[in-house]
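In the order they appear, the protein sequences are chains D and H.
Residues 514 to 927 in the numbering used here are what the first sequence spells out, letter by letter.
Residues 29 to 408 in the numbering used here are what the second sequence spells out, letter by letter.
Mixed in with the good hints, there may be bad ones.
Claimed, not checked - Pairs of lysine-lysine, DSSO-like flavour, derived with a Cα cap of 30 Å: (1) D:LYS713 - D:LYS727; (2) D:LYS605 - D:LYS758; (3) H:LYS379 - H:LYS33; (4) D:LYS605 - D:LYS809; (5) D:LYS809 - D:LYS727; (6) H:LYS379 - D:LYS823; (7) H:LYS78 - D:LYS823; (8) D:LYS637 - D:LYS605; (9) H:LYS85 - D:LYS605.
Worth flagging that the hints you see were computed from the coordinates, not collected in a lab.
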Amino acid sequence: MSDNQASDTPEQAEFRARAREWLAANHPGRPPLRLPQGALEVSDPHALEWLRSWQKAAYDAGLVGCDYPTQVGGGGRTNCQTVANQEMFAAKTPYLVNVIGLGMGAPTVFFHAQEEMKQQWLPKLFSGEEIWCQGFSEPGAGSDLANQQTFAERDGDNWIINGHKVWTTLAHFASWMILLCRTSKDDKYNGLSYFVVPIKDAIGRGVTVRPLIKMTGETGFNEVLFDGLVIPDSYRLDEVGAGWKVAMTTLAHERNAGQMITPASGGMPLDEGSGVSTNDPASLARLARNQLRDGKRAADDEALRDEIVKMFIRSEAFRQNRRRTRVPELRDHAQRIPLQSKMIVTELQQDMAELALRIQGLGSTLSFTDDKAPDAGQWGLAYMNTFGITIAGGTNEIQRNILGERVLGLAKTK
Amino acid sequence: MEQPKNFGFGEDEAMLRDSARRFFSDNLPADRLHALVAAEFDPHRANQCKWDADLWKQVTELGWTAACVPEAEGGIGMPLVAAVALAEEAGRAGFPSPMLGTFNATFVLRGCDTDAARAALGAIAEGTSMTLAVTNSRGSLNAGDTDVQVDDSGRLTGSAHFVQDARKADRYLISARGANGVGLYIVERDADGLTVAPDVIVDVTRDQAILGFDNVSALEVAPPGAGQTALEAALPAMLCVLSADMVGAGEWLLQTTAEYARTRVQFDRPIGFFQAIKHPLVNLMVEIDNAKSLTYNAACAVDIGAEDQLTLARMAKAQASSMAVYSGSRAVQFHGGIGFTWECWVQMFFKRQLHSQVLLGDANHHRRQLADALIGPVAA
Numbered sequence: 514m515s516d517n518q519a520s521d522t523p524e525q526a527e528f529r530a531r532a533r534e535w536l537a538a539n540h541p542g543r544p545p546l547r548l549p550q551g552a553l554e555v556s557d558p559h560a561l562e563w564l565r566s567w568q569k570a571a572y573d574a575g576l577v578g579c580d581y582p583t584q585v586g587g588g589g590r591t592n593c594q595t596v597a598n599q600e601m602f603a604a605k606t607p608y609l610v611n612v613i614g615l616g617m618g619a620p621t622v623f624f625h626a627q628e629e630m631k632q633q634w635l636p637k638l639f640s641g642e643e644i645w646c647q648g649f650s651e652p653g654a655g656s657d658l659a660n661q662q663t664f665a666e667r668d669g670d671n672w673i674i675n676g677h678k679v680w681t682t683l684a685h686f687a688s689w690m691i692l693l694c695r696t697s698k699d700d701k702y703n704g705l706s707y708f709v710v711p712i713k714d715a716i717g718r719g720v721t722v723r724p725l726i727k728m729t730g731e732t733g734f735n736e737v738l739f740d741g742l743v744i745p746d747s748y749r750l751d752e753v754g755a756g757w758k759v760a761m762t763t764l765a766h767e768r769n770a771g772q773m774i775t776p777a778s779g780g781m782p783l784d785e786g787s788g789v790s791t792n793d794p795a796s797l798a799r800l801a802r803n804q805l806r807d808g809k810r811a812a813d814d815e816a817l818r819d820e821i822v823k824m825f826i827r828s829e830a831f832r833q834n835r836r837r838t839r840v841p842e843l844r845d846h847a848q849r850i851p852l853q854s855k856m857i858v859t860e861l862q863q864d865m866a867e868l869a870l871r872i873q874g875l876g877s878t879l880s881f882t883d884d885k886a887p888d889a890g891q892w893g894l895a896y897m898n899t900f901g902i903t904i905a906g907g908t909n910e911i912q913r914n915i916l917g918e919r920v921l922g923l924a925k926t927k
Numbered sequence: 029m030e031q032p033k034n035f036g037f038g039e040d041e042a043m044l045r046d047s048a049r050r051f052f053s054d055n056l057p058a059d060r061l062h063a064l065v066a067a068e069f070d071p072h073r074a075n076q077c078k079w080d081a082d083l084w085k086q087v088t089e090l091g092w093t094a095a096c097v098p099e100a101e102g103g104i105g106m107p108l109v110a111a112v113a114l115a116e117e118a119g120r121a122g123f124p125s126p127m128l129g130t131f132n133a134t135f136v137l138r139g140c141d142t143d144a145a146r147a148a149l150g151a152i153a154e155g156t157s158m159t160l161a162v163t164n165s166r167g168s169l170n171a172g173d174t175d176v177q178v179d180d181s182g183r184l185t186g187s188a189h190f191v192q193d194a195r196k197a198d199r200y201l202i203s204a205r206g207a208n209g210v211g212l213y214i215v216e217r218d219a220d221g222l223t224v225a226p227d228v229i230v231d232v233t234r235d236q237a238i239l240g241f242d243n244v245s246a247l248e249v250a251p252p253g254a255g256q257t258a259l260e261a262a263l264p265a266m267l268c269v270l271s272a273d274m275v276g277a278g279e280w281l282l283q284t285t286a287e288y289a290r291t292r293v294q295f296d297r298p299i300g301f302f303q304a305i306k307h308p309l310v311n312l313m314v315e316i317d318n319a320k321s322l323t324y325n326a327a328c329a330v331d332i333g334a335e336d337q338l339t340l341a342r343m344a345k346a347q348a349s350s351m352a353v354y355s356g357s358r359a360v361q362f363h364g365g366i367g368f369t370w371e372c373w374v375q376m377f378f379k380r381q382l383h384s385q386v387l388l389g390d391a392n393h394h395r396r397q398l399a400d401a402l403i404g405p406v407a408a
């Protein structure tokens, strides 16, 4: 954290001081109920309400949407979201629940919607009053995202939508969905268009939301069926047929390679006292020091020590890569490191969690719902949940295609 | 202690790096390197020392070896990140030279607070090259281990092993044990009583030798007892420039193999279309970027005198070493049959990477040291 502070602009320095002061006085404290590991798994309405009140407070304090213009509900600042994120993490705050809206909905709406729609949508998105979800994946359109079958048919000033979306995180709470769908069957890529569609207000009027159960036993994502949903043309983003271009804005931000920095808080340990952070190799080292295997500390096993050190190295490399991205003299290709970011961080989390299970040995067989589970069973849960992130947002195999094609100039798969 | 956001890599460092990159692309493209070091294909003659001494002279005249010599000694006084950038470019070119040795000697001499050391730094600034002769016959990585003894009148007897670029360097910086501990000494390459016995090595871009000392008169730059500290203090910087060399060579292997994958056609497609080629090349790119970022981070830590500089430098070397092997193996494999030939330029960089990965300790060695620092020592 501290290496960022050294070269703050005057605006960032002033903002940082105010953020720090506010956070010191306004941390929401421990939640009154057990929260899931991340916003993607929130399914309990009480958890939603508690997290939403935190997001509203952070937004009102100017820590969310800082770099968006004030006309659309933003803070009108320059490069301050990074500072807000750093300070929120340092203050060990809860995560922001409107994660799809902040990370993907907001930049897509901001760069492609009509001005009055931005003003209608963005303030309530930033505050968390309205939750957003993303309608990209379909049963037949996963890695081959452009193979969209959901269809929007023009009807005067309206569009009529029919189709089926899957893996729709937070749809059960969502007011709005960013929707990629087909408006022409004549052209795979140029036949796509992009809309914002109502979910909550349209349930029973062309929208059905059904929960899907994850391998962890948690809910949090859904399938969404459209059966003649009618929306006005003003909900369309960019031109008819420009859906793929708009989707690229969404995906660039989803992969941490977009123009806008996503507001993000976090850092609060999930279980008071356990101090487990499944993102931190120091937690692995601590686990290994405390874990006895056949009477010996796991931390004394040479093979495990080597694997733990590799995680420290990868974790530090990830941090330093991000730092180097911001030094133009030291990067060879502007997109080379940003496009790696999603793949690297998700695989690191997956591999750290998997290593934790081997450090725990037989203890790793216990579910997070068993009180005897070491580290409250968080590593096993985290390991399963990491497959959500190595698959979502374009599988990591697709990320490798993109890197090979855009950065190394290799022949395209599609 | 806070590191500057930009690794301390400013306009001056970028200009120096860019000029180095131009210098090598003008003077030492891979075909010229191959003609220089690999025209002979008899492996039993690989102990020949093939290099372009005139090119090295130009490098010293450009002031690269003076970069990290303090201004007070007639150098330029640039930060370590500048030397790291130069080493990266040298690695990218597979440059046969005593450059790393001269940098290493510079780092060690800067930690010896003697007039003789300052004078030796002045000589480096004026273009004298050096290399370290601090390794014993068992290849020990402990700075105190040496097979050279120094007597009371400052004369050396014994042997130093695995001396890098021994036939290119003008002078040697030698660790020798006396009655009061290890000291550091300088001997000229043509000194009386010194023999240079070349090893036959696999790497065609370097040379390596055993130095034999028979009552050789030497210049003391660190008295007995002070040598080990000076060597240990210089280790983080030495790990950084060596890692940077591997980063540069790794990038050459990546770009050369990507170019091949863009143009080589099989099954009616450029082979880079196939994910069996595409994905490992992306993985290699990731490994290179990790090594590069860790290297600049460690160098910056050295520049600001950070306490964790050795930890960060070991991370860089561990990552660079494992990347180095991977870069060579994927480059040969993806070039197919041609990649397995002496004629293909890839072999020069493949071998340089294998050589570099074990110098100053391989990835396992550094990870073992890191485990003690990051996890804590193994319980008795």
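Query raised in the report: Quick one, are LYS379 (chain H) and LYS823 (chain D) close enough, alpha carbons at most 30 Å?
Result: OK: LYS379 (chain H) and LYS823 (chain D) at ~25 Å, within 30 Å.
Query raised in the report: For the pair supplied as a hint, LYS809 (chain D) and LYS727 (chain D), is the alpha-carbon distance within the 30 Å limit?
Result: violated, 36 Å
**Report entry** Straight-line alpha-carbon gap LYS605 (chain D) to LYS758 (chain D), limit 30 Å
**Finding:** violated, 37 Å
Report task. Could you grab the alpha-carbon distance between LYS605 (chain D) and LYS809 (chain D) and see if it respects the 30 Å cut-off? Result -> violated, 33 Å
Query - LYS85 (chain H) paired with LYS605 (chain D) [C-alpha distance capped at 30 Å] - result: Violated - the C-alpha atoms of LYS605 (chain D) and LYS85 (chain H) are around 57 Å apart, more than 30 Å.
Query raised in the report: Quick one, are LYS78 (chain H) and LYS823 (chain D) close enough, alpha carbons at most 30 Å?
Result: violated, 38 Å
Query raised in the report: When you check the alpha-carbon spacing of LYS713 (chain D) and LYS727 (chain D), does it fall within 30 Å?
Result: Roughly 22 Å between the alpha carbons, so the hint for LYS713 (chain D) and LYS727 (chain D) holds.
Query raised in the report: Do the alpha carbons of LYS637 (chain D) and LYS605 (chain D) lie within 30 Å of each other, as the hint requires?
Result: At roughly 24 Å apart (the allowed maximum being 30 Å), LYS605 (chain D) and LYS637 (chain D) satisfy the hint.
Query raised in the report: Given the proposed pairing of LYS379 (chain H) with LYS33 (chain H), does the C-alpha separation stay at or below 30 Å?
Result: violated, 35 Å
Of the numbered hints given earlier, the model fails hints 2, 3, 4, 5, 7, 9; all others are met.
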